[in-house]
Structure formats: structure tokens, C-alpha cells
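There are 2 protein chains.
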Amino acid sequence: MRTSIATVCLSGTLEEKMLACAKAGFDGIEIFEQDLTVSPMSPEEVRAFAARLGLSLDLFQPFRDFEGVEEEVLLANLRRAEAKFQLMQRLGMDLILLCSNVGTATINDDQLFAAQIRRLADLAAQYGVRIAYEALAWGKYVDTYQHSWEIVKLVDRDNVGLCIDSFHILSRGDDPAQIAQIPGEKIFFVQLADAPVLSMDILSWSRHYRVFPGEGGFELDVFLGYLVRSGYSGIVSLEIFNDVFRQSNVELTAIDGLRSLIWLQARTAALLATEEVRDNLNLVSLPGVQEASGFDFAEIRTEDPELIAEMLAQLGFSFLGQHRRKPVQLWRAGDARIIVNSQRSRAVTASVSGLSIQVPDPAAGRARASALLAKPVSRHHTKDEQEISGFRAPDATEVFFGSAALTAAWEAEFGVLPGTAQPTEKGSIESIDHINLAQPWQAFDESVLFYTSVLNLEARPGTEVPSPMGLVRSQVLRTADGGVRLALNIVPQGLDATIDRHHEYPEHVALRTDDVVALARRAQAAGMEFLQVPANYYEDLVARFDIDEKSLATLKELNLLYDSDEHGVFLHFYTATVGNMFFEVLERRDGYDGYGAPNAPIRLAAQFEHNRFNRS
Amino acid sequence: MRTSIATVCLSGTLEEKMLACAKAGFDGIEIFEQDLTVSPMSPEEVRAFAARLGLSLDLFQPFRDFEGVEEEVLLANLRRAEAKFQLMQRLGMDLILLCSNVGTATINDDQLFAAQIRRLADLAAQYGVRIAYEALAWGKYVDTYQHSWEIVKLVDRDNVGLCIDSFHILSRGDDPAQIAQIPGEKIFFVQLADAPVLSMDILSWSRHYRVFPGEGGFELDVFLGYLVRSGYSGIVSLEIFNDVFRQSNVELTAIDGLRSLIWLQARTAALLATEEVRDNLNLVSLPGVQEASGFDFAEIRTEDPELIAEMLAQLGFSFLGQHRRKPVQLWRAGDARIIVNSQRSRAVTASVSGLSIQVPDPAAGRARASALLAKPVSRHHTKDEQEISGFRAPDATEVFFGSAALTAAWEAEFGVLPGTAQPTEKGSIESIDHINLAQPWQAFDESVLFYTSVLNLEARPGTEVPSPMGLVRSQVLRTADGGVRLALNIVPQGLDATIDRHHEYPEHVALRTDDVVALARRAQAAGMEFLQVPANYYEDLVARFDIDEKSLATLKELNLLYDSDEHGVFLHFYTATVGNMFFEVLERRDGYDGYGAPNAPIRLAAQFEHNRFNRS
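Chain order of the listed sequences is A and B. The first sequence begins at 1 in full-length UniProt numbering and counts up one residue at a time. The second sequence begins at 1 in full-length UniProt numbering and counts up one residue at a time.
Read the hints as simulated data drawn from the structure, not as lab findings. Some hints could be false.
Claimed, not checked - For lysine to aspartate or glutamate, the following EDC-like pairs were computed, each having C-alpha atoms within a straight-line distance of at most 20 Å:
| id | chain 1 | residue 1 | chain 2 | residue 2 |
| --- | --- | --- | --- | --- |
| 1 | A | Lys-84 | B | Asp-515 |
| 2 | B | Lys-426 | B | Asp-514 |
| 3 | A | Lys-186 | A | Glu-150 |
| 4 | A | Lys-153 | A | Asp-122 |
| 5 | A | Lys-84 | B | Glu-549 |
| 6 | A | Lys-550 | A | Asp-563 |
| 7 | B | Lys-426 | B | Asp-548 |
| 8 | B | Lys-84 | A | Glu-219 |
| 9 | A | Lys-84 | B | Asp-201 |
| 10 | B | Lys-84 | A | Glu-539 |
| 11 | B | Lys-84 | A | Asp-548 |
| 12 | A | Lys-84 | A | Asp-110 |
| 13 | B | Lys-326 | B | Glu-303 |
| 14 | B | Lys-153 | B | Asp-143 |
| 15 | A | Lys-84 | B | Glu-303 |
| 16 | B | Lys-84 | A | Asp-515 |
| 17 | B | Lys-550 | B | Asp-515 |
| 18 | A | Lys-556 | A | Asp-515 |
| 19 | A | Lys-375 | A | Asp-395 |
| 20 | A | Lys-23 | A | Glu-45 |
| 21 | B | Lys-140 | B | Asp-201 |
Claimed, not checked - If you want a taste of the chain A side facing chain B, the calculated C-beta under 7 Å gives, among others:
| id | residue |
| --- | --- |
| 22 | Phe-63 |
| 23 | Arg-80 |
| 24 | Asp-201 |
Said to hold, decoys possible - Listed below are several chain A residues computed to face chain B (Cβ distance under 8 Å; list not exhaustive):
| id | residue |
| --- | --- |
| 25 | Ser-11 |
| 26 | Leu-36 |
| 27 | Ser-39 |
| 28 | Asp-243 |
| 29 | Arg-246 |
| 30 | Val-465 |
| 31 | Pro-466 |
| 32 | Leu-471 |
| 33 | Pro-534 |
| 34 | Ala-535 |
| 35 | Asp-540 |
| 36 | Gly-591 |
| 37 | Gly-594 |
| 38 | Ala-597 |
Beta carbons are placed, not taken as given, at the ideal position from N, Cα and C, and that holds for glycine.
Sequences are here, hints too, so could you generate the full structure?
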């Protein structure tokens, strides 16, 4: 389907918005009137600029508060409308959005609404303009798509049809199924917005919290499915009022938006395929979805590889080799591979810079990522070396696709012989359990969409963790079987820069073992520095859980933290922070499926204390 | 009344929070359990530290999900409680908060609630602990203060009383009047929280959006009045869950909080005095409130006084003199005085750095500001000079109190002779209409409280203005007659620093005239640079208003903007931005009482465009 976006979604000037939309690859845009009004560009200039950029000008919007009024008001409204039709002529536009009246309507009469809109339609026809009538969720008399469709039928003019906006329908909890019964050619325009599940008044929710499809809680694939069934084959457009998007980088937001429409179409096509609806050829399809089986590797960039080497050795990792050509080391413990890269470390002591997941077909994964507008990062490889290419996530993490076969190929570049097995004693590290990535607040929604679409992960409900720096919002994205899990954390921004407290928020790699106590003892014996857990924690633990004294003494001695869920028990410890990263080691007993969230405040406070002392 | 604050309101470690509370001047604190749990300080250390700081440890909180459960769960709850009573002994604390059960209660039976709480009370008595029972607004069975009071009566133990929290009562729209009927000695603790008027689920509202008294929409003076009538004479405490406070400078937030309690007590005392309730001696009183009559002066700091001099002259200001000793100039037009100060300009081209308001008794104003913990800024004065002392607002603006007599005194230091009158032709500047101040997002709520309490201004409902940088939140604070008006704007933070777009948001001084067209013509003739208004604006104006062609031509020629309200018409223009500031000149016809808000997006977009071109 052709793609479009309302200029109001984006930051910057109208010129910047148009450039960003064209660069991202949108087919067209909606002109949000105020963006034009405040612009120094004349309508003729906008028209010519759009033509040069290859952008169609799809919808002029909004025209408000027209119908259901006394004759005197109607005449003023018609005069106001005619000025806009003239403006649209100069812009070369032929479709205007008419929102159901929310303010000035005083007469509740469908026949009157229809008669007045008919007069508007006849005036519009003189300018070659068509009208897309939209029921706002907070319209005074018309607030459902069923009602707006009744009005459009009553108007009975070729140049009057519907605008269908997912937010106005789904925010009210209305059933979108009847959309499929509307003749597709009477749907003049479709706006798709997602939104997080919030319980607040619909107007505020709409004006501030809309997000791109796939970033919220609406079932937009089902929604779009009904539109396909109606026979609609026009434009799908984004009208997203979001406080963050409006102050974020315009080019990145435009890419994020177009990615959401591509991903939504692919999901809708997949859904319709299962329902044997075949007439959806107009939907973008994507290379086949793949389920990741686990992490291939995590990559750490460091200007001090010896520091990381020491920690890895203390945790039981083995050094497998140095890359034949690059200053990059490979370490392994069980299935957990850590790449220690001292290139481009940017004078950072250490940070989690990349990750790779294992999929059945890495080439298909890469093709899919490209189709979803992921920004490639390429690494040079000589003709003897395995090509390794990946993508830069919105949070700047480098993401790669691997497979067992590929891994063997690039491991050889580190001098690893095929079939090199590691002794696996009890209490060794088995695998990478999850990776925790810090998100700038501007990038969070975009990151959620990126990782769910490009890596085919599922977003779990978010949580909030108190810390001395403020509340940390946290969301887990994972595969169904838990083989790949990412935890995204939004970093609080607040503490006044003037008081030198703006630490980078550390990221971490969590490693899984079948005996965290044994592993911790060996690490302790090897001199590893643990994050210190306060004594108060253990006193609270005893009040909350039935833990015997001996177990408690072990927890205390090894700075272990404890949690349990309906399945089982969780034990874990954290290493000291090095640069912007640290390691966690965890043991999941009896199918515990969480991440020790009740312990996260302990970690954050202890890291904050540690930083404080290290800085002063 | 004694003042307290829950540690959860503040950012930082427990140690930092306690220090900040003591420094601000609180009498005590509530220990929010998690702040202790995550702290490396032992309970004994916390106790001793509090003693050294002179802080009482008033309330240990929260104890949750106790009553209304099966016997087996109750036994676990009692075990959990006993661990906390032991902890409280080590802390030297004797009051715990018991919240009504929100999660684990399964039996809805008041007699059972009372019987179970009685068992808790008897256990608590062994440790000398008293229990304050609080009905949470989202309690499963007990969610009103009337209900919790019924339970407390049924429990019938000396060591069980109520905790009254304004949020849980007012957020539900409950009537607090019956609080006055509760015997004051059975109210063990009072928590006061304000909140902005939002329509969202109460739990989210409570956990994220609470603010200090005076910063939201609750009538807390009325609320506290009922408590005084009940005979309550204990502690008033702040329990504010606010995402911004939790990531802001801890010392400033503590001062902001204590200011709110002082101001609230003074307002309550004033309210009770009008109702002839005399037994309120325990409430803090403040020096008498004064109504400001107008602006005394606005102060501009600049490293380039010639640039400002030129603009002022173009606007019709006269240079009245140079200060006898300091590099400071006085300019005047009508009653509008502008101080141009080239000291401490910090290499900023120009910025609005201070303001002074005229009040009947400046000394009383200063005493009141001091009592409200305003941070003084003092300026050196020789023995021949008028002492001028003021206060630093949270947004760093310097605020002074003046009067006609004082003005004459300091004007003399500029060589101005008493009685120097200015010719007032039509179309001259008459006065400073309002001053627009940019607020860092961390400081906004604090600024609202500062200006309303210290300057005795009233906060008007806020609005939001779209701009290319994001939505700008704006709120007007003013005197009843409009003699002093401040507009506070929260500056969007978003645009990525990496793309060099983080402009300082400009502030401005708005000047009032009785003929903006005449003034604009003279300024144009004098070569003044106007902010350029886009042609599209005027086309939209014609569609919205009935403006004749000649008037429209004048508006266009002079870059004037137009608005109207139910009273009259508003005409205004903006100068170009110099450094971080600009001037606005406005004419209010027939009692127009707004600020041209519909034109603010035009201004912001034009300034953004201007910056863009000036930078590239």
C-alpha cells in the first residue's frame, strides 16, 4: 500500500519534515495545516518542493467544527472552507480531512449534518476537492465510524467519503469488524496510530501518547485486515501525536515511522494468509520470519582488554584466540561467547557494543532487516575471512545474525579448531541468558519496534524500578522459548549536570549457570570484585521469605541476591562495574522465568553508592 | 506544626536525602523502607546520623497487605511485621504506617479486619510501636478514610490510629469535611500531597504525578483546616511520588517541599482566621500578603550593552543615566524601566536576568520571601546607595521588591532627578505588560510554587504550544488586576545534541502600548529588526477573522500578529532575538485579557527558522 505520514508527527520546519520523509522513503505526506501556516514557504513552493522530492501531497488536514450549526455559523464555515480549497488548489491537493464537530455544533440531527456537508461538498467540487469525513472519539454528536458512515451515506456525493483512524476507534474499545462491510472506494483515507495501554482521558491520550504501529497495545494487524477486506487499496498513513517524537531527530523518526508501516503490512499479510484472504497483494511482504535459538555472541568494546580478560577469567571463561588480523579476542564459556574488541573503543573503559543471535538463515535475517530500513554496519573482511554484516539499532548497539555454520567459520579466524569442546563442570557458565541495554528516552519506542520487528522478539509488559537517579523504566523483549532475551532500560535524565552526577547508565551481559553458588565461590577465590549487597537487604529477605540460616549466610558471604516466582527460585550476583558495563551471573531453578526485578533497586543503589565513592 | 517528608520524595542515597532534609530545615523524616533496604547504612547508623542532624524519624512506611486474609497468611504477615518492629527498635522509631490491603485480602469483613489488626497491635505494643492505618484510594475493601476510621474504632487499641493522606481522599473526589469530626488524638499522622488535575487512573496518577502542596489543583488549605478543627496538632508530612522530583537535585527539592508546607500552613491560618477558628496557633504564620501593583523594572544582562541600547531606543525608550559606580544603565519609557547590566553577563549576548515588582511594603515582602526559604541574592551597596536585595528564583531569575519611594532613591544613583516626567505621546510604551521566563523541566513545579507564594501570584490554567522543537508547556502567573504577569514556559529538551540543535529557548519582556501600529511604524523607521511573520499566517488570518484589506496590509507591512477574545482585540509584534532574549510590543483593545496564544506557534517557528539560517 502507498505510505504517508502527517507532518505533525515530526520535529523541525516543514522543509526539514518533507526532506526527512522523502529520505526515509515515504510515498507521500499529509499537510498538517499549522505546519504550513508557520512556514515561510509559499504553497507554490511546497508543491514544487514535494514534486522534486517525489512526495505526493495526500491529505490537507484538519478542517474542524463545521456541521451541526446554525445557518449564520455555517456561512462563516463555508467561507473559511473556501479559503482552504483555494489554498489546496495552489498546493495541487485534492483531499481534505473533515473532523466531526467537537465544539460549535448545537443541533443534533443527522439529516442536518448531511445537508450541511452536502453544501460543503458542492463548494469543494468547484475546486476539484474531495472530503474525507472522520468521527473523532470525542466528537460532540458523531463519535463512531459507524455514525460517520451513516452520515456519508446520507450526504450521497461522489466527493464525500470516510477517513478511518485506528486511534479514534480502538481507544474507545469499539469493534472495528464492521469496517470490512464498508465499500472500500468510500474509504478515502486511512490513518493508523498505535498507543500504549493507558487509563486516561482519550483526548490527552490521543494528543500526547500515540505511537507508531507496533509500539503500543492496539491490534493493528487485525484492524488493517478489516480494511483490506473492505476492498480499500489506498494509502496507509501515520497520524501520531507524540511528545517525544515531536522533539526527536526528524530523520530517525521518519525511518521509525516507515518501518512501522512496513512491519504492520507484513504482519497483516501473514494474518490474512492464515485466514485464506488472498486479495492482499497490495501489502508489503517481508522475507520469512525466523525464530532465534539463542545468542551467538556479545561484543564488548574496551580500551583496556586486560581488565575485561581478568573478569572473564574469574568467571570461568577461556581465551580461545586472537583474531588473525584485528585486535579482537574471543572468549568462551559453554555456549557463551564474548568478543573483546579494542577497536573504536572511543576511550571508554568498557561497554556492551554489540550482540549476535543465531537464526536458521542469517542471510534471510539480514534481508529482512534491510527491508525494515535497519541501518547497516559493515565490517571489513579479507577474501579469506567470513563476511560479517549487521545493523545499528536505535540505541547504537550493533546487531548481527549468526548460525552454527557461520560461527565455525569465523571462529577459525581466531584459530579455534572445529569441534573444540569445553569441559562443562557443574557451576560453569552455560550461556548468555539476557543482555541489558540502556536506552536514551528519545529512542525507547523506536528501539522496541526495531528489536521486535528486525529480531522478531516479543515485547513483554514493562515495569519501573526505583533508583537514586529516578525511576528506571524497563521492558523485556524475548523469543517465545526465552533463548534470546533483551532488557531495555530508559535512563533517567534528570540529575542536574551542574552537580556532576550524570553517570552513564551501565549496561550488562547476564550469564547463566546451573550452580551460581559454586561459580561465585570460584570467582571469589580468583579475586573477583562483587557488587556489594547491603546487610539491610538480607534482613528484609528473611522477613519476606522462609530462608534458613545456613543459606542466608551463603547468600551474604557471596553477595548473592534471591527471588522467587510461582515456578521456582532465582539466585544471582553482579560484578563490579567496569566502564559502562558489568556482568551478572544467574541461576534459574525450577523454571523461574523472571529477572529478579525486586532486586534491581538494590543493584542500582549499590552502583550509585559505588560511583559516588569512586568519584569523590 | 512539625514538618516531615518521606524519603521517597527525593533523589540520591538515604544519606544524601537526610542531609538535604536537615539542611532545608525539616523537623523530621519518614523512612520509606526501600530507601533503608538499599542503603549500606545500618539501622543504628541511620538513628545516630538522624540524631546528629536533629531530624526525628517520624514514620516507618509502608507496611502492606496485612488484613482480611486467611489465618495461615496472617501468621506469615505477623512474622513479617515482627521483623519490622525489631528493625524499628534499632532505628528508635515508634510509628508504622499500615496501608489498607490492596492485594492479598480475600475476606471482606470489618470485624475480621479489626480482629486481625488488633493482633498486630498487641504484637506492636511489645515493641512500643504505634500503628497508623491508612485507607488507600485503591484499597481492595477499605478505600475511604471514613471506612478506615470505622475499623480503627472497632480495633479499639490505644496504639492504633489513623493516617490521613490528602491524595487518597481528594483524588477520589471524597469530601474531607468529616475529618473535623475525628478526635485529633486518634489521627496519628498526616501526609499532604497535591496533584495536577488529570483524568487518569488513580494509581498511575498517584505514583507519578503527585506534587508538593500549592503546585497542583487540590484545595489543601481547606483540607488542613478540617484537620486543625479535629484537634490534630501533630506532624504534617509530605509523601510525594513524582518522577521529576526523584531525578532532580535533592537539596533544591527538599527546600521546595518545606516551602510548600510553610505556605500551606500560612494559607490555612488565613482561611481559618476568616472563619473565626482561633485554635490554630500551631500553624506557621507569614508576614502579611501584599498585592503587587506592577513591575518596577526588568533587568537585562548583556556583554554588549550597545546592542540593547539600540533596540531600546528604536522602541522609544530614553536613556536616563549610568549608575554612579557600576556598569549599569537605566532606560525608561512610560512606567517601563529596563536596567541594562553588563556585569556577570557570562559571555551571553543578552538575557532577561531579573525583575522587580512594586509592593506597598518591600521590607515585608523580603521578610516573607525569607520565611519561604527563598535564596537571597545581595548586591553590594555603598553607604550612599539604596540597599537593594532580592532572591534567586528556581529558574535563576533574580527577583526584587520595590516601591515608588525606593525607586526614586535608586534612580537618583543614575542621576535621575525626582519628578523627571516623560512626554507620553500616543503610541509610546506605557508599561511592562508581562515577562516570559524559560523553565528547565526540573524546575517548573518549583517555580510555580516559588512565584505564587513569594510574589503572591495566582496560577492560571496551563496551555501547550506546538513548536518545531516540540510542545512548549506554558503557564501564566498573575496578580488579580493583571498588574504583574509572568509566563513560565517549559523548554523541550529533546532534539539530539549531536545534531547541534539545542538552542537556548529565548525569554522576553512584553511591553504595552496604546497604539502598536504607530509604535511599530516609528520602530521600523528607526531601523528596528522585526521577527518576520510568514505570509501564510495572514492568509489563514483572513479565513478565520473578518479583517478588511487595508488593515491586513498594515498587519503584513509591520509584521503584526492579531488575536481576539470575547472582550476585544490583541495586536502585537516581536523584535528579532538578541542572545537569549527579545522584546514583544502589544496593544490590548477593549479589555483583551490573553497573550495571543494562537500566535505563539508562529513566533516559535519563525525564531527556529531564523536560528537555522543564522547558524548555517
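Violated constraints from the hint list, given by number and in increasing order: Hints 1, 7, 8, 9, 12, 15, 16, 22, 30, 36, 37 and 38 contradicted; others consistent.
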